[in-house]
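S.K.: Residues per chain are reported as follows:
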Amino acid sequence: MIRFVANRVLGMLIVLFLVCLFTFVIFFALSPDPAVQICGKNCTPEAIDQIRANLGVDQPFWTQFGTFLSGLFAGRAYGTGPNAIDCAAPCLGYSFQSSQAVTDMIVQRLPVSATVAIGAAVLWLLAGVAGGLLSAVREGRFADRFIAGLTLTGMSIPNYVLALSLQFLLVVTLGWLPFPQAVPFSEDPLQWFQNFLMPWIVLAIGMAAVYTRLTRANVIETLQENYVRTARAKGLSPGLVWRRHALRPALTPIVTIFGMDFAGLLGGALITETVFGLNGIGKMAADSITKNDQPVIMGVTLLAAFLVVVGNMVVDLLYTAIDPRVRVGSSA
Amino acid sequence: MTDTLLHVRGLTVGFPNAHGPNEVVKSLDFDLERGGALGIVGESGSGKSMTSLAIMGLLPKGAKRTGSIEFDGAELTDLPERAMRSYRGDRIAMIFQDPLSSLNPYYTVGTQIAEAYRSHRSGVTRRQARTIAIEAMERVRIGDAAKRVDHYPHQFSGGMRQRVMIAMTLSMEPELIIADEPTTALDVTVQAQILDLLAEIRSDTGAGLILITHDLAVVSEVTDHLVVMRDGDLVEQGPAERIFTDPQAPYTRMLLDAVPRIDDEIGLLRTLPTTEEAR
Amino acid sequence: MTFTPTELEVEGAAGGEVVREGAPVPPPASGRRVARAFLRDRAAVACSVYIVLIVLMAVAAPLLVKISGYGPLEFDQDAVDPNLGGIPLGAAGGMGADHWFGVEPGNGRDIFARIVYGARVSMLIAISATLLTTALGVVFGLIAGYFGGRVDMVISRVMEFLMAFPALIFMIAVLSALPAENRQILLVLVISFFGWPYLARIVRGQTMSLKEREFVEAAKASGATSAQIIFKEILPNLASTIIVMTTLAVPGYVGTEAGLSFLGVGVVPPTPSWGQMIASSVPWYAVDPAYFLIPGAFLFLLVLSFTVLGDRIRKLLGEGTA
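From first to last, the protein sequence lines are chains D, B and R.
The first sequence lines up with residues 1 to 332 when you count with UniProt numbering.
The second sequence lines up with residues 1 to 279 when you count with UniProt numbering.
The third sequence lines up with residues 1 to 322 when you count with UniProt numbering.
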């Protein structure tokens, strides 16, 4: 068991290292010269060279990568002398455009992205599992086919189209919701809730559709298992057969997939946050694309990769806790 | 008049579709005395498994059951599902072919053994359930039952899993045990042990046994009455001894010919050391 | 991530509803029976009709634009109201005999022309990406599954790495850093680069089970080379799996292209793309809803059609395996 965990953690570290390297290579090769950006309009080639030397971007690739990695763990400084910019660990980079460390920018926006992610996750998990169960129970009947239609629609509608349609319908036409305004929860909880309602729904619908299909397929498959027949042969009530023998095996894989999806979403919902003007990590990334603010894009990429990889591992470890076949090895 | 436990008349199971009634069991008649042992023999597709599921009321969706199944004087085919449930596991228990897939991988064997008891008796505590599971495991001779009660199915060997399945049926002291190909998935040596165990339990508890198999060698040892089936039809039935020595139907003779030297082989097997126990 | 995962990824993550790894390969269904069942399925036929229409529209774009009278890049300041910030004149975003689907607010470009040309971009990118992904997925899946051992280990590790990667945000990052030229080719390359493992994984699993089958053993015994066995014995048996996975991949890629264009890292203006049209409609959604509804509806129906079609084909080909 301990060896399994150790192996898993080691594997994760390797993947994370590769992700860093991969990302760094791409941005190293493709980024515009930060020195030019800092230098501004009235710039001489000498000044640029000096800034370059100051930032260390004239160094060879591996040196720069080393500095970047050590910045992640120990922090680093951009430049030297009195004008040096300090970037505390974990330093994901520095945005010269907004004069801020990327890590700080992310931390500032994390609460919004987390709120979006948690609300949406609760919605899609509930809706998806409920829809899937209902479909499975009524397999082949009207409710099943109706839900199948809904899930196909939910899976096919791009979320920005859904976002705009909902916003047009609920806010402009029907006036059920106010125009979104940035308010903290403490000031106006109702407006705060209404602001997040649409993003939650928009994010949840596509995922709920996917989860409905997964749940339905898993439950139907599990109900055909021999052990379900055994349970019925024992004279258990249908409710007990369902709860104990069908649901647990059917829902276990869904928990694991949910963990990964949720981790992915924590790193920011680019489109949804942008469309609804929510100042989260996703919107920051989208804005940085427009502004070509490379350090921010790279920082967000690394964060997302980190979340997915760590989420993956947590789920794996969690799985060993729920599935006895993985938890206790065969002894016979 | 002997005491009849199970009285089956005109049992027919079909899967009606556009092409016809599609019958897999056709008008089957047989009886089982209280404490008796009946073998239902046939190749796969002969309808023998459907017969057992029909008795349990566990036929798959779309199946149609007609005829009469009288158990201890009660007509099972008339019973509503809820009433039928009180028979299942309590008075009629079933052992399935593949013990691994028939056990739920998510629960300990102890939980699964005591499950029938807990659902048929109200107010059973966790501790009582555990004790019952351990007792049942000891009766099917699973060593170190107090410890193994907390193990999961995948931690057992094939033969041990089938013992767990048998232990499951024991907690309620059923009057009828239906074993559907209980030894097919097992090694030959382990097969003999499981059959011995079934015979022993039958003589200890006085439960009736229906043993369903494609293998005449298996029934020869345990049962006293045989029903031979083919394509849903009853080929012949009678006392096991008579069928072995003097088969009437050519099909039965053919089945018998496929089993070389039954007595020798079983005798040999039974003298082999019990590798299963030695593990 | 923000996009609904493509069907491929979902199936992959779930361990596969379509075709489980290493699951027995279904026998090839008779072509005629499948075709007949397909034609009886009204939803499948409707979806195919819509897809064919869009393809025809894309192919005949220059002709259609000649008939309608306005090109995709032509400004028509007479169709918008300069006093109201450039809102299209007339009802429903300026729809009428002149501009069939109305005009873009601000500059008055014809929406019909842009939809027609946008279909070209969407279909071209989605289909090229699907073809490339399929080619890569099948080749690597076959190689890993057939040869096993070290080759399999290397390919499997690479696949795991790519699948563990947050592909979407990375595509955005890469595309934002890349120069704007040849954007369509870059899109195809980037999408395929992250897409192939999902198919390869399933092909690998099926190849591994197929290679143990008697007919492969027989071919081996009669002296067939590895290449002959792979292409003549194994590949034909994978056909239905590949067809299903491919049909299910297209809607995912249509959505991905539109999403990337929506975010401004896809197709570069002024070339029209549906996702990009929707992106530019965002500031106008309250006053001119037709501007986002039209491309939105076209996009939604295209994705839906492919998804439904994929679903139906899977049911037809995989009866008994799903």
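Please note: incorrect hints may appear among the correct ones.
[What the hints assert, rightly or not] Derived contacts from chain D toward chain B, CB cut-off under 10 angstroms, selection only:
| id | residue |
| --- | --- |
| 1 | 17 |
| 2 | 52 |
| 3 | 53 |
| 4 | 54 |
| 5 | 232 |
| 6 | 234 |
| 7 | 240 |
| 8 | 245 |
| 9 | 248 |
| 10 | 318 |
| 11 | 321 |
Don't read these hints as lab results, they were simulated from the structure.
From the three backbone atoms N, C-alpha and C, an ideal C-beta is built for every residue, glycine too.
S.K.: Which hint numbers doesn't this structure obey?
M.R.: 1, 2, 3, 4, 10, 11
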